[in-house]
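Work out the full structure, taking the sequences as your base and the hints as a guide.
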Amino acid sequence: MNYDGSLQSSGGLPLGPAAQPPHHITLQNLHQTLRRLGNLGAHFVFEAEHFGSRYMLFVFSRPNRPKIAVRVQKQYHVPVHPEIVQSMMRREVNVLKKLERFRFQYAPRCLAFDISYSNPIQYPFLVLTWAEGERLIWTNDHPAQDLRIRVMNQLFRIQMELIDNSLETRESLTSLGTETAKCFWTRHIHDNMMAAPRGLPGAGGHPTQEDYWNQLSHLEGILGSGHDDKTYAVAHNNITYENIIVDEVYNVECIIGWSHGGVYPLGQAAVLPRILTPDIHQNLVDARRTAEQALDDKALYRHWLNIWNLPLTPAKQAM
Numbered sequence: 001m002n003y004d005g006s007l008q009s010s011g012g013l014p015l016g017p018a019a020q021p022p023h024h025i026t027l028q029n030l031h032q033t034l035r036r037l038g039n040l041g042a043h044f045v046f047e048a049e050h051f052g053s054r055y056m057l058f059v060f061s062r063p064n065r066p067k068i069a070v071r072v073q074k075q076y077h078v079p080v081h082p083e084i085v086q087s088m089m090r091r092e093v094n095v096l097k098k099l100e101r102f103r104f105q106y107a108p109r110c111l112a113f114d115i116s117y118s119n120p121i122q123y124p125f126l127v128l129t130w131a132e133g134e135r136l137i138w139t140n141d142h143p144a145q146d147l148r149i150r151v152m153n154q155l156f157r158i159q160m161e162l163i164d165n166s167l168e169t170r171e172s173l174t175s176l177g178t179e180t181a182k183c184f185w186t187r188h189i190h191d192n193m194m195a196a197p198r199g200l201p202g203a204g205g206h207p208t209q210e211d212y213w214n215q216l217s218h219l220e221g222i223l224g225s226g227h228d229d230k231t232y233a234v235a236h237n238n239i240t241y242e243n244i245i246v247d248e249v250y251n252v253e254c255i256i257g258w259s260h261g262g263v264y265p266l267g268q269a270a271v272l273p274r275i276l277t278p279d280i281h282q283n284l285v286d287a288r289r290t291a292e293q294a295l296d297d298k299a300l301y302r303h304w305l306n307i308w309n310l311p312l313t314p315a316k317q318a319m
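With the UniProt record's numbering, letter number 216 in the sequence shown gets 216, and the count goes up by one each step, no holes.
Hints are supplied without guarantee of correctness; some may be wrong.
Under the rule of at most 25 Å between Cα atoms (straight-line distance), these lysine-lysine pairs were calculated in the BS3-like manner [what the hints assert, rightly or not]:
#1 K97 x K67
#2 K316 x K230
#3 K230 x K182
#4 K98 x K230
#5 K67 x K98
#6 K67 x K182
#7 K97 x K230
Pairwise CB distance ranges (calculated) [said to hold, decoys possible]:
#8 G41 x Q145: 41 to 49 Å
#9 L216 x A144: 42 to 50 Å
#10 R109 x A42: 19 to 27 Å
#11 Q145 x E83: 42 to 50 Å
#12 Q293 x F51: 21 to 29 Å
#13 G221 x G41: 49 to 57 Å
#14 E100 x H260: 31 to 39 Å
#15 Q28 x L147: 39 to 47 Å
#16 T129 x E242: 12 to 20 Å
#17 G199 x A144: 41 to 49 Å
#18 N283 x E47: 34 to 42 Å
No lab work stands behind these hints: they were computed from the structure.
Beta carbons are placed, not taken as given, at the ideal position from N, Cα and C, and that holds for glycine.
Encoded structure:
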């Protein structure tokens with residue numbers, strides 16, 4: 001059973017509980033949840049649990065079938081309306097299904113989902129194929145240079161493949177005009193503004209409505225000549241080392257964490273992965289070393305753009 005409340009005949013998005021309810025995650029409830037889905041089998045053996053910064057992952061094996069993982073978002077530390085959680089889950093399901101349609105091999109498949117709160121764990125969840133391997137370790141000293149080159153080469157080709165296989169052109173009209181990059185980001189900023197608090201720019205450490213007004217005022221200058229572009233592609237938007245699964249010799253097996261992904265203007269889909277723009281919260285010496293290593297990694301990544309026999313695809317032109 002894949003349940004999406006937005007598909008009800010009433011047509012509207014059903015309201016969730018008045019406040020974000022707590023998880024009811026127990027091994028018994030997880031087993032019951034999987035059995036109720038019906039299409040994944042009847043016997044599940046719990047193997048492991050993994051905790052990321054935003055999600056919990058529960059891994060199950062099945063007799064004579066591949067392993068699966070139940071992924072549940074962690075509780076927010078601040079009050080969040082349940083519809084926001086449901087909207088994020090729905091967006092991730094949509095992008096994973098799109099990737100599956102064009103056989104993108106570096107993303108987990110979404111086998112089942114329930115974005116309602118009417119299930120044994122009483123929280124939205126996804127059931128994904130389990131990616132064998134380990135999360136990439138990426139520091140100033142690790143991995144060795146030859147392995148860094150291997151990872152950069154693979155990530156570059158994965159991003160090229162992702163763009164070239166998901167290209168689409170949007171000619172439809174919206175309330176703001178044709179679906180250009182400027183129209184897309186204007187709507188995106190407006191949506192964020194509606195949920196932002198009032199106050200001076202940067203007040204409280206979170207974007208305010210004034211911050212978003214400032215973004216709108218500079219939008220056309222930031223987009224430059226690409227503001228009228230109507231070409232779109234799938235973007236992951238959060239390719240960090242935590243979201244890269246590799247084998248023992250650093251072959252990239254899977255890119256996980258698609259909750260920030262979606263179909264975006266081509267300029268956004270072609271930006272450098274976030275692994276190449278690390279957050280620096282270190283002393284001055286270590287921060288300088290991290291910045292220098294990031295510059296070297298960017299050079300490795302972009303090196304493949306200069307290979308003479310690489311086909312001139314839309315992805316290569318955009319990157």
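N283 versus E47 beta-carbon gap, inside 34 to 42 Å or not:
holds (40 Å)
Quickly compare the C-alpha distance for K230 and K182 to 25 Å and report which way the hint goes.
holds (9 Å)
Just to be careful, I want the Cα atoms of K98 and K230 compared with a cutoff of 25 Å; is the pair within it?
This hinted pair holds, its Cα atoms lying about 19 Å apart.
Starting from the range 42 to 50 Å, see whether the pair L216 and A144 falls in it by beta-carbon distance.
holds (46 Å)
Given a hint of 41 to 49 Å, does the C-beta separation of G41 and Q145 actually sit inside it?
holds (45 Å)
Sort out whether K98 lies within 25 Å of K67, counting only the CA atoms.
With a Cα-Cα distance of about 22 Å, the restraint between K67 and K98 holds, given a limit of 25 Å.
Would you say the C-beta atoms of Q28 and L147 sit inside 39 to 47 Å of each other?
holds (43 Å)
Mind checking the alpha carbons of K97 and K67 for me, to see if they're no more than 25 Å apart?
Holds - the C-alpha atoms of K67 and K97 are around 19 Å apart, at most 25 Å.
Hinted pair, alpha-carbon criterion (25 Å max): K316, K230. Please report holds or violated.
holds (17 Å)
Distance restraint hint 42 to 50 Å, applied to the beta-carbon atoms of Q145 and E83:
holds (47 Å)
Measuring from beta carbon to beta carbon, are G221 and G41 in 49 to 57 Å?
At 55 Å between Cβs, range holds.
If you check the beta carbons of E100 and H260, does the distance land in 31 to 39 Å?
Since the Cβ atoms of E100 and H260 sit about 18 Å apart, the hinted range of 31 to 39 Å is violated.
Against the hints set out earlier in the document, violations occur for numbers 6 and 14.
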